[in-house]
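Residue strings, one per chain:
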Amino acid sequence: MRLDFVKIFVDSTAVLFRELIGPAVDVPSISMKPSPVAGREVMAIIGLAGEAHGRVIFDMDLFTAVQLAGHMMGEPSPGMTPLVRSSIAELASMAIGRAISKINDGGMRLRMSPPTVITGANLVSYDQCFETLVAPIATAYGEVRVNITIQDLD
Amino acid sequence: MLDVKETLVKSPLTCLIVDDSAFMRFHLRRMMDSFDNVIASEAANGNEALREYGRLRPDIVLMDIVMPGMEGVETVKKICSEDPKARVIMISSVSYQEKVAEAMSAGAKCFLPKPVTTEELRRAIQSVLTPTTDN
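Just so you know, the protein sequences line up as chains A and B, in that order. To convert, note that position 8 of the first sequence is 8 in the working numbering; the numbers rise steadily by one, no gaps. To convert, note that position 103 of the second sequence is 103 in the working numbering; the numbers rise steadily by one, no gaps.
Don't read these hints as lab results, they were simulated from the structure. Here the structure is a predicted model, which means the values were calculated and not measured. Positions of the beta carbon are idealized from the N, C-alpha and C atoms, including for glycine. Careful, some of the hints might be misleading.
List of simulated lysine to any residue pairs, SDA-like, C-alpha gap at most 25 angstroms [stated by the list, open to error]:
hint, chain 1, residue 1, chain 2, residue 2
1, A, Lys102, B, Leu56
2, A, Lys7, B, Glu42
3, A, Lys7, A, Ser31
4, A, Lys102, B, Pro12
5, B, Lys77, B, Arg29
6, A, Lys102, B, Arg29
7, B, Lys77, B, Glu42
8, A, Lys33, A, Glu19
9, A, Lys33, B, Pro113
10, A, Lys102, B, Lys85
11, A, Lys102, A, Leu123
12, A, Lys102, B, Glu42
13, A, Lys102, B, Leu121
14, B, Lys77, A, Ser31
15, B, Lys85, B, Pro12
16, B, Lys77, A, Ser12
17, B, Lys77, A, Ser113
18, A, Lys7, B, Gln97
19, A, Lys102, B, Pro115
20, A, Lys7, B, Lys85
21, B, Lys77, A, Lys33
22, A, Lys33, A, Leu20
23, A, Lys102, B, Glu98
24, A, Lys7, A, Leu153
Between beta-carbon pairs, the in silico distance windows are [unchecked claim]:
hint, chain 1, residue 1, chain 2, residue 2, range
25, B, Pro12, A, Asp152, 48 to 56 angstroms
26, B, Met70, A, Leu3, 33 to 41 angstroms
27, B, Ile39, A, Ala24, 48 to 56 angstroms
28, B, Ala101, A, Glu51, 26 to 34 angstroms
29, B, Glu120, A, Ile118, 41 to 49 angstroms
30, A, Asp105, B, Glu74, 30 to 38 angstroms
31, A, Leu123, B, Met70, 25 to 33 angstroms
32, B, Asp33, A, Pro34, 19 to 27 angstroms
33, B, Glu120, A, Pro34, 17 to 25 angstroms
From the structure, some residues in chain B lie toward chain A, with a derived Cβ separation under 10 angstroms [claimed, not checked]:
hint, residue
34, Asp19
35, Arg25
36, Phe35
37, Lys85
38, Cys110
39, Thr130
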C-alpha cells in the first residue's frame with residue numbers, strides 16, 4: 001500500500017469537498033481494512049494505472065448522494081436522476097484528478113479512468129484481495145467513505 | 001458581464017462545451033448562459049466534438065481532458081490542425097504540469113483546473129478573445 005499517496009488522495013478529497021460543499025467537512029478517522037467496505041447505495045469507482053495501480057471507491061447513502069448533487073447543481077433533485085449520478089461521478093473525478101496531479105508533479109506517472117457510478121441496494125465490492133484504506137469524510141449531507149487501494153507495480 | 005465588444009468575434013459569442021460528464025455540460029452551460037449574448041452547444045466526446053466544431057465553427061471551445069475514447073488533448077490537436085485559429089480553453093480535473101504543457105502544445109490557449117468558477121471562466125474567455133500580436 002502506498003500510504004504516501006493515500007494521504008494525498010484523502011487530503012485532496014477533503015479540500016475539494018470543503019471548496020464545493022462548505023467548511024463543515026471532517027475526516028474523523030482513517031483505518032486499514034482487508035478489503036473495501038463500500039456497501040452503501042451509491043458507489044463511484046475510479047481505476048488507477050501507470051507506475052502504480054489500484055482503485056478508489058467513494059460510497060455513500062442515496063440521501064447523501066442526492067443532497068450533494070443538489071448542492072453542486074444549485075437546485076434540489078427529486079431523486080437519483082442521471083444528472084445526480086453524473087454529479088457524483090464528477091465529484092469523484094475532481095477529487096482523484098487533483099490528487100493525481102499532485103502525485104505526478106512529484107515525479108510519478110499515474111493515470112485515472114473515467115468514473116463509473118453504480119447504484120442499488122446491498123452493493124458489495126468484490127475486490128477482496130487488496131488491503132484498503134478507508135477514510136470516512138463527514139459532510140453536512142452525511143458521510144462519504146473513500147476506499148483507497150494503491151500499490152506499486154510488482 | 002462578459003464583454004465581447006472589443007474582441008475578435010462577431011456577436012453573439014458561440015461556444016462548444018465538450019465534456020463526457022452530463023453534470024459538467026449542465027454546469028458550464030449554466031455559467032455560459034449567465035453571460036450576455038452567448039450561444040452554447042455541447043458534445044459528449046472527442047469524435048462528437050470534431051463533428052460539431054466542423055459544423056458550427058464556434059468562437060470558443062471548452063474542452064475536458066479525461067474522456068472515454070478520444071481524450072481531450074488529442075481532440076484539441078485535431079481541431080487545431082483543421083483550424084489553427086481555434087480558441088480552446090481546457091477545463092480538467094487533471095492539471096499536472098506535463099499535462100498542461102501537452103494541452104498547450106496541442107493548441108489550447110488556456111487551462112483551467114476543475115472546479116471552475118464563473119469568474120475564472122469569464123476571465124479565461126476574455127483572455128482568449130483579446131486580440132494579441134499573434135492573432
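Checklist entry - Measuring from beta carbon to beta carbon, are proline 12/B and aspartate 152/A in 48 to 56 angstroms? => result Between proline 12/B and aspartate 152/A, where Cβ atoms are some 52 angstroms apart, the hint holds.
Checklist entry - Does the alpha-carbon distance linking lysine 7/A and glutamine 97/B stay inside the 25 angstroms limit? => result holds (21 angstroms)
Next on the checklist: lysine 85/B and proline 12/B were given as a pair; does the straight-line alpha-carbon distance stay at or below 25 angstroms?
Outcome noted: holds (18 angstroms)
Checklist entry - Are aspartate 105/A and glutamate 74/B spaced within 30 to 38 angstroms by their CB atoms? => result Taking Cβ atoms as reference, aspartate 105/A and glutamate 74/B lie about 22 angstroms apart, which means the hint is violated.
Item to check | Status of the given 19 to 27 angstroms range, CB of proline 34/A versus CB of aspartate 33/B | outcome: Roughly 49 angstroms apart at Cβ, these two residues miss the hinted range, so it is violated.
Next on the checklist: Would the hint linking lysine 77/B and serine 12/A be met if the CA-CA limit is 25 angstroms?
Outcome noted: violated (30 angstroms)
Item to check | Outcome for the supplied range 41 to 49 angstroms, where the beta carbon pair is glutamate 120/B and isoleucine 118/A | outcome: violated (32 angstroms)
Next on the checklist: Would the hint linking lysine 102/A and proline 115/B be met if the CA-CA limit is 25 angstroms?
Outcome noted: holds (16 angstroms)
Checklist entry - Holds or violated: is the Cβ of arginine 25/B closer than 10 angstroms to a Cβ in chain A? => result holds (9 angstroms)
Checklist entry - Using the C-beta atoms of leucine 123/A and methionine 70/B, is the stated range 25 to 33 angstroms upheld? => result holds (31 angstroms)
Next on the checklist: Run the distance test for lysine 33/A versus proline 113/B: straight-line Cα separation, threshold 25 angstroms.
Outcome noted: This hinted pair is violated, its Cα atoms lying about 33 angstroms apart.
Checklist entry - Under the criterion that the straight-line Cα-Cα distance not exceed 25 angstroms, is the pair lysine 7/A, lysine 85/B satisfied? => result Distance of about 42 angstroms is beyond 25 angstroms: violated.
The structure is inconsistent with the numbered hints 1, 2, 4, 6, 8, 9, 10, 11, 12, 14, 16, 20, 21, 22, 27, 28, 29, 30, 32, 33, 36, 37, 38 and 39, although it conforms to all the rest.
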